[in-house]
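Work out the full structure, taking the sequences as your base and the hints as a guide.
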Amino acid sequence: MATFFWGRVCKRIKNKRLLLFKPLFCATVQSCKIQIYSMTHQRKIQHLYLRAGFGLSPEEWLEKKDIPLQEAVNQLFEKAKFVPRIESEEAAADLSMQAIRNLSREEKAKLRKQERKKVALQNANWLERMANPNESPLLEKMSLFWHGHFACTSKGSRLALAQLNSLRRHALGNFRELALAIAKDASMIRFLNNQQNRKRQPNENFARELMELFTIGRGNYSEKDVKEAARAFTGWSSNFRGEFVFRSFQHDYGNKTFLGKSGDFNGEDIIDLLLEKKETARFVTRKIYRYFVNEKIDEDRVVELADLFYNSNYDIGKLMRAIFESDWFYEDENVGSKIKSPVEFLAGIERNLKVQFEREESIVLIQKALGQLLFNPPNVAGWPGGKSWIDNSTLMLRLNLVNHLFQIAEFDFRVKPEFEAKEPNQGRKKLNASLDFQELIATFSNENEEDVFEELTSFFIQAPVQLDKQLFDEFTRQDTKENYIKTLTMRLMSLPEYQLC
Amino acid sequence: MKRRDFLKNTALASTSLMVPQFLAGFQRKKIFGSRSGKILVVIQLSGGNDGLNTVVPFHNDIYYRSRPSLAVKREEVLKVGENMGFNPAMQSLQELYDEGLLSIINSVGYPNPDRSHFRSMDIWQTASESNEYLSTGWLGRYLDSNCAGCSSPYHALEVDDSLSLAMKGATHGGFAMSDPARLKRQTENRFLKASARKQHSSEENVAYLYKTMIDTQSSAACLYEQSQLYSSTMEYPKTPFGKDLQQIAELITADTDTKIYYASLTGFDTHANQKNQQERLLRQYAQGVNVFAKDLKKNGLLKDVLVMTFSEFGRRVQQNASNGTDHGTANNVFLMGGNLKKPGFYNAAPNLSTLDAGDLVYEVDFRRIYASILEDWLEAESPAILGKPFEKLPIV
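If you read the sequences in order, they're chains A and B. Take the first sequence: its position 73, counted from the start at 1, is 73 in this note's numbering, and no numbers get skipped. Heads up, this note's numbering is the position in the second sequence plus 1000, with the first residue counted as 1.
Hints listed in this document are in silico derivations from the structure and should not be mistaken for laboratory results. There may be inaccurate statements among the hints.
As a list, the in silico DMTMM-like pairs of lysine to aspartate or glutamate whose alpha-carbon atoms are at most 20 angstroms apart [what the hints assert, rightly or not]: (1) A/387 to B/1326; (2) A/422 to B/1279; (3) B/1198 to A/474; (4) B/1193 to A/332; (5) A/110 to B/1326; (6) B/1198 to A/204; (7) A/387 to B/1215; (8) A/44 to A/63; (9) A/296 to A/272; (10) B/1198 to A/468; (11) B/1275 to A/420; (12) A/416 to B/1179; (13) A/224 to B/1215; (14) B/1198 to A/473; (15) A/287 to A/264; (16) A/155 to B/1114; (17) B/1193 to A/473; (18) A/422 to B/1132; (19) A/65 to A/473; (20) A/387 to B/1204; (21) B/1193 to A/468; (22) A/296 to B/1179.
Quick caveat, the model's predicted, so the values are computed rather than measured.
Set out below in C-alpha cells:
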C-alpha cells in the first residue's frame, strides 16, 4: 500500500528561524518504504522520557506510549518524590587527616587507588539507577544536571557520595536550599579552596565561582562584590569526617557591602542576596532551558519561566513541571535536537538492552573515552555539552559501541593516561558486557516485518529521519524474527540519528 | 608564479567545484602534491617535566644545595656553554643543539601559576588566564579562524586515539588518529558507509553528525593511503613515542595535507625516585626527536618544520624527601627545526635566588611563544586566537 505523507513548512517569524521542511513521499510499495517523521503522540512520550529521564525500556514503552502526556508527567513527578539516601557499600573506616599524613608514599598511592575504585563503583551504581525502570528517572536526571552545574571533583568516595546525596535531596526542591547545601559541602569547600578562606587571608575562589557559575552569572556583580562575598564565607570549612564546620575564629564578622546592600553578612546571607536578584533566576533557568529544551535559547520563554521560578521562591519542581507541561516543549524544533551526553547515551543503551558490565572499570573506560567521567567534571564550569561531545574519535566510538558490546569484541582504544601514570596504557581491553534482547523481542514480536521495522525505528530514533528499508534489508538477518530484531536493533543504534534525543 | 600556487588555482577552477568538500582532500593528493607550507609539530610532555634536571644550571650553587642527592653531577652534565648543559640522557638532543637546530627558552610560564596537572595543562592548551575556563584550545581556535577553506578534515592531526582540548575549536577541530590501520578498522563498518551515501535530515545536529562521520570515513581512507606512500628507513626508538614520531615524519614526507601535528609523552610526574624515570623518558624524547630531525633533513623538509616541546609546569627547586620533586611553575620550552631565528639559548638560566615560595618565577609568558608561532610560522592573526595581543619573540 502506497503511503503518502505531507510536507510541512513552518516559519517562526518571531525568532527568524526556518523549521525543517519535510517533503515526504513514497514512490512504490514494496521496493522502497521510507520512514517519515511526523509528531505522533508516541514521539512526544518518548521525548518527555528522554529529556526528563533516559528514555524507555521496551516494556515501559509498551506501557506508556499511549497514555496522556499529563498523566506521564504526573507519574514522573510522583516517582521522584521518594529520595532514598545512597549509602556507601563499605563501612566508613576513615582515617583522620593526621593518620593519612603519616602514611608512606606507597601507602598513600595505594589508598588513592582504592578510592578510585570506590568512586568507579559509585559511578557504575549511578548509571545503573539511570537505566533501571524501578528507579526515578526524573530524580536521576535532575541530579545529573545539578552535578554538572555544581561541578566539583571530590577527593574521596565518601565525600563524593555525600555531595551526590545533597544534590539528590534538593534536586527537585528549593534552589536556595540546594545552593546552601553545596556551599556547606565538604567536597565543594575543598575543591574551591574555601578551607583556606580566613579572616585575614581571604580566598576568593568559592565566592567567585558561586556567583559566576552557580547563581547570578557574569556581568551582574563587581570584583568588590566578590571580595565582600569571600569575607562572608570565611570560616566555612569542613572536618576530616567530611562534615561542615563553621570555624568562628576564622570568620570575618565585620560589615560588608554586597550588591548594594550592607550588613554583617555571612554565607547564607550572600546566597539570599544573590537569589533576591531576578538575574539569578534567569541565569539558572537559562541553563536549565539549554539542557532540557534546546541549545538555541528562546529568550522570551526563558524570561517567562524565570519569572515563574522567581515568584515560586525558586521551586525547582514547579519550574520543571512548567517546562514539561507546555506545548512548545513538544514542538518539532525541540524534539530529537539534542546530542546525547556520553552518560545519557550509555544509560540509554543500558535501558534499551539491559546491558550489564562485569566490571565497573569498563564503564569508567568508556566514559573517559567519550569525554564525560561521572564525579570528574573537567573543571568547575562542568561539561560544555552540545557539539563539543563530538569529534571524529568520540563519534566513531559511539557509532561502534553497540557493535562492540554485541560481539563482546575488544575495545581497541587507548584513553589518555592519568598525569601520574608512569607508562602509557596499552589499549586493547575486553569490555565484558552482557546484553539481553528478550524484552525487546517480546515487545515487538506480534508485528509483521514492515511493522517491526516501523515500530523499532520509532522506538530508537527521535531525530527527524528518512530511513530506507532496503538499506536495512541488506544489513540485517531475516531468517527468524528474533534475528531480524537483533540485527535491526544493532543497525539502528549505530546510526548517527541514534545519538540524538 | 610558484608551481604550488598554480596547481592550487587550477584545482579551484576545475576539480574542487565538482567534488564535495569531504572528498576534495583525497583528490588533491592524487592530482597534484601540494605541501602544507610550514608545519608545526607540538610535543607535550605530560606530568610536569623537571626542567632544572633537563637543562641543568650547573654553574649555580643554589641548584646543588637544593638538590643534594638529586642534582645532576657537574661532571656528568653535557655542557653547552658556561652556565647550562643537558641531562646526560639527552646526548641525542645535544647533537641537534650543536647543529643549530635547537632553541631553548627558559623560565616560561604565566601569572598566578596553577600547580594542578589538569588546570595547568588546560591553561597551556587553551591559552587562558589562570582563573579562566575556556572550552576551546589554541590550535582549535587557529582552525576556527584559518580553516574556512581547509580542504582536509585532518588539517590538524593528533597522533592519539582521542582529541586533546588544545585541538578543539568552536566550529572546527583537529583529527585524532593513533595509527592509520586502527582508524581504518574503526571506520570499516559497511553499514555506516552505506548510510553515509543516503539522504539524511538537514537538521543542524543531524547534519553535523553525518558530516563528522563522512569526514572521518574519507580521512581514514586518505590517511591510510598516505601512510603507505612513504616508509622511513631510519631507526626510530621502539617505543610508542618513537612510533608516533615516525608516523608524523612519514606523513609529512608523503606530502599529507596536514599543517599541525600533536603528540605526547607521559610519565614525567616524578614525585619519587626521579632520576631513573626522568632519564629514561628524556632519552626516549631526545632519541626520538633526533631521528625525526635526521629523517626530515634527509628529504630536505626540516626547514619547513618546527617542533615545539612543552610541559604543563616545571618542578620545585628543592628536592623532596623521596628523592623526587613536587609540582612547580615555570619551565623551559624547546623549539627544534631547520629554520630557527635564534638557535641556542634564547635567554639566561632561571633565577634560583628569587623564588616564589620555593618555585621559579616565570619570565616569558608562554602565550608569547604561541603568538610568535601563530604569526611568524603559521601566518595567522594571533590576537583573535589568543584572546588578546601578546608580544612576539624573534624565534621563528
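query: What are the numbers of the hints that this structure violates, sorted from low to high?
result: 1, 4, 6, 9, 13, 15, 18, 19 and 22
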